[in-house]
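**Q** Below, each chain spelled out in residue letters.
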Amino acid sequence: MTTIYSRLENTEIMEIDGKTLILNQKTLAVTKLNEVGGWIWNSLEDNSSIEQLTERLTKEYNVEAEKASEDLKNFLIQLEKVGLVVSA
Amino acid sequence: MEQLWKQIGTHSVLFRVIGAETMSFMNQMFGERSDSQLRDPDTSFTITIQQGCLKNPGINTTFTRDVQGRMIFDRPDYYLAISPDYREADVRFYNYVGLRCVLMNWYSTIITHYDWGLLVHSSTLVDQGEAYVFAGKSRVGKTTVAKLSHPRTLLSDEASILKIGQDGRVIVYDSPLRSNIMNPSPIHSVPIKAIYMLEQSPIIKKRRLDKSKALLSILENIWYWPHNNEDSLKVVRLCKALVEQVPVYRLKFQKNELFWEEIS
Chain A
1 MTTIYSRLEN
11 TEIMEIDGKT
21 LILNQKTLAV
31 TKLNEVGGWI
41 WNSLEDNSSI
51 EQLTERLTKE
61 YNVEAEKASE
71 DLKNFLIQLE
81 KVGLVVSA
Chain B
89 MEQLWKQIGT
99 HSVLFRVIGA
109 ETMSFMNQMF
119 GERSDSQLRD
129 PDTSFTITIQ
139 QGCLKNPGIN
149 TTFTRDVQGR
159 MIFDRPDYYL
169 AISPDYREAD
179 VRFYNYVGLR
189 CVLMNWYSTI
199 ITHYDWGLLV
209 HSSTLVDQGE
219 AYVFAGKSRV
229 GKTTVAKLSH
239 PRTLLSDEAS
249 ILKIGQDGRV
259 IVYDSPLRSN
269 IMNPSPIHSV
279 PIKAIYMLEQ
289 SPIIKKRRLD
299 KSKALLSILE
309 NIWYWPHNNE
319 DSLKVVRLCK
329 ALVEQVPVYR
339 LKFQKNELFW
349 EEIS
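Line order of the protein sequences matches chains A and B.
When we follow the working numbering, the leftmost residue of the first sequence carries the number 1, and every step to the right adds one.
When we follow the working numbering, the leftmost residue of the second sequence carries the number 89, and every step to the right adds one.
Hints may be right or wrong, so weigh each one.
[What the hints assert, rightly or not] Taking lysine-lysine and the DSS-like style, the derived pairs with C-alpha atoms no more than 30 Å apart in a straight line are:
{"#": "1", "chain 1": "B", "residue 1": "K225", "chain 2": "A", "residue 2": "K26"}
{"#": "2", "chain 1": "B", "residue 1": "K343", "chain 2": "B", "residue 2": "K294"}
{"#": "3", "chain 1": "B", "residue 1": "K343", "chain 2": "A", "residue 2": "K32"}
[Stated by the list, open to error] Across the chosen pairs, the derived CB separations fall in these ranges:
{"#": "4", "chain 1": "A", "residue 1": "G18", "chain 2": "B", "residue 2": "E287", "range": "23 to 33 Å"}
{"#": "5", "chain 1": "A", "residue 1": "S87", "chain 2": "B", "residue 2": "Q91", "range": "55 to 65 Å"}
{"#": "6", "chain 1": "B", "residue 1": "P164", "chain 2": "A", "residue 2": "K26", "range": "36 to 46 Å"}
{"#": "7", "chain 1": "B", "residue 1": "E218", "chain 2": "A", "residue 2": "N47", "range": "45 to 55 Å"}
{"#": "8", "chain 1": "B", "residue 1": "T152", "chain 2": "A", "residue 2": "N47", "range": "34 to 44 Å"}
{"#": "9", "chain 1": "B", "residue 1": "N317", "chain 2": "A", "residue 2": "S87", "range": "20 to 30 Å"}
None of these hints come from the bench; they were simulated from the model.
Ideal placement from N, C-alpha and C gives every residue a C-beta, glycine not left out.
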């Protein structure tokens, strides 16, 4: 069964100097993402699977699918740990 | 009960002071500062204040709301109740530290609620008509910087009052919320030059932080007691507005006055 990732709704997003800062309105924690992290965050707007995200990421950044998929998994695990993403 | 008008930032505060001991602590904090002549209802507040929180000092603050909807901040050495419209407050405190902290709690709650500005954990010195803010946690060197900077005017040694205007201008105000150096400043307000995040070191060197790092560093040095999400968001937005306008540096410094050569 495919895992779908979706973003926490109660967040405030700030773009500053090419970095994305996400404020979790429940915990008031701020998470900083680099350019690629910010791009992935925006791509999660329509609730995506790893496969869908990998396809978009390889097109956008011209990286190998296997490497992109592995990095995406690790990134989403971290976002899930800090409560910014939920998987179902 | 005696009544005193005091100016903090651009705000006029009517203190209703109960008891001679309380008045003595108020004089210690505000000294001979002039009473406010500007009593605009939009920027006026009333605080009823008395010494009467006879507990041991401590730092854990709890937040609740009472049946009247007042915001209650309770700490072992102070009690603060703010009315739902933010205009009136009841204060009790144990000693000078309790008084300073409870007024910091009150003022930070007010200025963030009205999107006026921030209370920053820092000391501020004036050099050639501009304010230099030195931020950092306890014992990093804020008071040392203040003492080493004589004869420059000191605006704060613990809690700097920064007004972040809608036009982007950032003004630093003389702060009565002082920890060690009590002499009131002859200067009421000064435009800001820069913010320095202090780090003690054998060398003297400044390095500009990019805006995202600056924002995170500033957030760690804001005096703010969370009580609702809407106002907490305002804190973050005010920090963003601040770092968009003001350069923020990491400053490695020795315990001598030579760091002024690096920054001015």
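**Q** Given a hinted range of 55 to 65 Å, is it respected by the beta-carbon distance of S87 (chain A) and Q91 (chain B)?
**A** holds (60 Å)
**Q** Has the hinted range 20 to 30 Å been met by the Cβ atoms of N317 (chain B) and S87 (chain A)?
**A** holds (25 Å)
**Q** Take a look at whether the Cβ-Cβ distance between P164 (chain B) and K26 (chain A) falls inside 36 to 46 Å.
**A** Hint violated: Cβ distance 28 Å, outside 36 to 46 Å.
**Q** Could you grab the alpha-carbon distance between K225 (chain B) and K26 (chain A) and see if it respects the 30 Å cut-off?
**A** It holds: about 25 Å lies between the C-alpha atoms, which stays within 30 Å.
**Q** Between K343 (chain B) and K294 (chain B), does the CA-CA distance stay at or below 30 Å?
**A** holds (15 Å)
**Q** Please check whether E218 (chain B) and N47 (chain A) have a Cβ separation lying inside 45 to 55 Å.
**A** holds (50 Å)
**Q** Would you say the C-beta atoms of G18 (chain A) and E287 (chain B) sit inside 23 to 33 Å of each other?
**A** Holds, at about 25 Å.
**Q** So does T152 (chain B) sit 34 to 44 Å from N47 (chain A), Cβ to Cβ?
**A** Once the Cβ atoms are compared, 37 Å apart, the range 34 to 44 Å for N47 (chain A) and T152 (chain B) holds.
**Q** Would the hint linking K343 (chain B) and K32 (chain A) be met if the CA-CA limit is 30 Å?
**A** Violated, at roughly 33 Å.
Taken one by one, the earlier hints fail for this structure at numbers 3, 6, listed in ascending order.
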